[in-house]
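Trainee: What follows is each chain in one-letter form.
4 protein chains.
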Amino acid sequence: MTDKKLDFDWLSRELCKMYEEKIPFNTVLGLKIESINTESVSTKFQMRKKLVGNFMQKILHGGVISSVLDATGGLMASISLLQKALNQPMEQIEKNLTRLGTIDLRVDYLRPGQGSYFISTASIMRAGKKVSVTRMEMHNDQGLLIAVGTGTYIVG
Amino acid sequence: MTDKKLDFDWLSRELCKMYEEKIPFNTVLGLKIESINTESVSTKFQMRKKLVGNFMQKILHGGVISSVLDATGGLMASISLLQKALNQPMEQIEKNLTRLGTIDLRVDYLRPGQGSYFISTASIMRAGKKVSVTRMEMHNDQGLLIAVGTGTYIVG
Amino acid sequence: MTDKKLDFDWLSRELCKMYEEKIPFNTVLGLKIESINTESVSTKFQMRKKLVGNFMQKILHGGVISSVLDATGGLMASISLLQKALNQPMEQIEKNLTRLGTIDLRVDYLRPGQGSYFISTASIMRAGKKVSVTRMEMHNDQGLLIAVGTGTYIVG
Amino acid sequence: MTDKKLDFDWLSRELCKMYEEKIPFNTVLGLKIESINTESVSTKFQMRKKLVGNFMQKILHGGVISSVLDATGGLMASISLLQKALNQPMEQIEKNLTRLGTIDLRVDYLRPGQGSYFISTASIMRAGKKVSVTRMEMHNDQGLLIAVGTGTYIVG
Chain A
2 MTDKKLDFDW
12 LSRELCKMYE
22 EKIPFNTVLG
32 LKIESINTES
42 VSTKFQMRKK
52 LVGNFMQKIL
62 HGGVISSVLD
72 ATGGLMASIS
82 LLQKALNQPM
92 EQIEKNLTRL
102 GTIDLRVDYL
112 RPGQGSYFIS
122 TASIMRAGKK
132 VSVTRMEMHN
142 DQGLLIAVGT
152 GTYIVG
Chain B
2 MTDKKLDFDW
12 LSRELCKMYE
22 EKIPFNTVLG
32 LKIESINTES
42 VSTKFQMRKK
52 LVGNFMQKIL
62 HGGVISSVLD
72 ATGGLMASIS
82 LLQKALNQPM
92 EQIEKNLTRL
102 GTIDLRVDYL
112 RPGQGSYFIS
122 TASIMRAGKK
132 VSVTRMEMHN
142 DQGLLIAVGT
152 GTYIVG
Chain C
2 MTDKKLDFDW
12 LSRELCKMYE
22 EKIPFNTVLG
32 LKIESINTES
42 VSTKFQMRKK
52 LVGNFMQKIL
62 HGGVISSVLD
72 ATGGLMASIS
82 LLQKALNQPM
92 EQIEKNLTRL
102 GTIDLRVDYL
112 RPGQGSYFIS
122 TASIMRAGKK
132 VSVTRMEMHN
142 DQGLLIAVGT
152 GTYIVG
Chain D
2 MTDKKLDFDW
12 LSRELCKMYE
22 EKIPFNTVLG
32 LKIESINTES
42 VSTKFQMRKK
52 LVGNFMQKIL
62 HGGVISSVLD
72 ATGGLMASIS
82 LLQKALNQPM
92 EQIEKNLTRL
102 GTIDLRVDYL
112 RPGQGSYFIS
122 TASIMRAGKK
132 VSVTRMEMHN
142 DQGLLIAVGT
152 GTYIVG
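Top to bottom, those sequences are chains A, B, C and D.
Read left to right, the first sequence gives residues 2 to 157 (the numbering used here).
Read left to right, the second sequence gives residues 2 to 157 (the numbering used here).
Read left to right, the third sequence gives residues 2 to 157 (the numbering used here).
Read left to right, the fourth sequence gives residues 2 to 157 (the numbering used here).
Because the hints were derived from the structure by calculation, they are not lab data.
Some hints could be false.
Any copy will do: because identical chains look the same in the list, a pair fits if it lies in one copy or spans two.
[Unchecked claim] Straight line, CA to CA, 27 Å or less: simulated BS3-like cross-link-like pairs of lysine-lysine: (1) 85 <-> 50; (2) 130 <-> 85; (3) 85 <-> 96; (4) 50 <-> 23; (5) 18 <-> 33; (6) 131 <-> 51; (7) 51 <-> 130; (8) 131 <-> 50; (9) 85 <-> 45; (10) 33 <-> 96.
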């Protein structure tokens with residue numbers, strides 16, 4: 002733990018573990034982190050029966066899509082916060098991460114949520130001292146764009 | 002089933018049953034319909050462990066809030082559609098309800114989602130031939146406003 | 002200028018003057034403040050030829066509607082900021098007002114913008130230390146709801 | 002005017018002329034079309050005194066940004082509509098274009114609107130029979146991203 006690069010890697014691994022295992026509703030969604038860096042993150046989840054909204058056509062509930070896009074954007078905002086906070090003491094970093102929250106979210110539903118799994122990505126648009134803005138996309142297993150979204154997060 | 006009033010009551014009861022029992026992700030959320038009429042609807046759900054986002058502070062996951070607001074707005078749009086479709090044959094009504102879908106959703110998170118239960122309401126802003134717009138609010142058991150949202154739904 | 006009540010009245014009058022006269026694009030829109038208090042504000046503008054978007058049907062350009070809703074929400078956020086800042090020195094208040102800015106805006110266009118004048122109102126949903134959220138409505142001279150919107154403003 | 006390619010070129014030229022010259026508020030904004038094709042469009046406008054919101058810092062009024070993003074997204078939706086309507090009679094095309102309207106708009110303000118000119122681009126996310134969705138970006142003369150937005154348009 003002697004240089005910043007290591008710190009960031011270690012911190013982001015801890016963050017991922019917390020994100021996948023300690024956030025109850027993320028486990029309901031079955032969210033897994035695919036990749037993570039300071040400019041973009043991606044998450045994945047499997048289609049499961051309980052995530053369905055339209056039982057006749059077996060398509061995802063709109064709330065699953067908004068939940069996953071919000072969670073993926075929030076992960077991106079957390080990583081961005083982590084990177085800027087590397088010099089700070091651990092307690093301060095934890096405190097900041099705990100206070101991070103979604104201010105608002107917009108989701109655009111483009112195609113029916115059909116597929117065996119779904120990949121969501123987020124990239125950072127604004128990384129301010131108080132507010133971060135991220136844009137998100139969700140693709141299905143065929144690479145079709147299912148939904149896009151924009152999230153604003155309080156980070157200060 | 003001889004007059005329109007009865008039809009609407011019967012149809013909306015069927016819709017509620019479907020909404021609470023046949024939409025898998027609504028059962029995950031534990032969504033129940035509180036009241037329903039042609040101008041507003043309200044839904045209720047109980048806080049449960051698996052709906053939590055922040056395990057330290059026991060507050061709702063943002064995705065639960067966006068899911069419930071979307072589902073409540075969608076119910077309002079369905080009821081509005083039902084009312085306008087009373088003269089049509091049952092198959093047409095079912096077909097229209099199946100095709101109803103969220104186009105886009107905005108959610109504003111105003112206060113932490115703390116409480117033992119939450120009441121959401123939706124009212125209709127625009128009831129067009131192709132598109133409906135609804136505004137939603139979620140209050141906790143203390144009557145505090147937790148979140149507001151706006152949804153656009155395709156209804157044609 | 003000896004008590005807070007007077008201060009607030011005087012400050013909000015100054016703010017109104019600046020808003021109507023010193024913001025160039027507000028004069029293009031012809032925006033006038035109708036009423037102002039700590040919980041809601043309302044503005045008014047006249048239909049004019051240059052504000053038209055659809056020259057065949059003489060309806061407002063969508064951009065006029067989004068501009069006016071943003072400006073009305075921003076005024077509400079400024080008033081809310083003013084009220085909380087009454088104990089601070091004048092320079093600090095001016096500094097805070099200058100830094101106030103829109104983070105994001107959603108506008109829902111409900112009916113064609115027809116009328117001889119339009120009244121917009123804003124009310125405050127969240128008045129935080131860093132971020133405020135307002136909801137806006139625009140009615141025409143017949144009292145018809147033309148558009149609604151939601152704005153998030155940075156205030157810290 | 003004997004083949005479809007020519008038709009599309011001619012129609013889109015007519016649309017551009019109308020857009021730049023016949024829409025009063027677009028002339029207030031000074032909007033010019035930079036490029037146009039079936040997948041993306043771009044527009045440009047010059048900074049001018051009357052477009053300013055913050056007279057101390059000479060930055061664009063937020064309403065100018067939302068107006069231009071809405072207008073650029075609407076142009077993209079019109080072009081997409083035009084392309085799909087090539088087989089229809091001219092009166093039908095005109096009718097459809099006249100009925101095209103913004104349903105809702107989200108704008109995210111990322112950086113202060115400073116610069117001598119601004120370029121906005123729109124690309125199509127969803128090109129449905131009833132509804133189209135576009136994403137927009139605005140850059141200043143230094144290539145800095147000033148704002149992004151998402152628009153939903155009724156096209157049927």
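Trainee: Sort out which numbered hints this structure fails and list those numbers smallest first.
Mentor: 1, 6, 7 and 8
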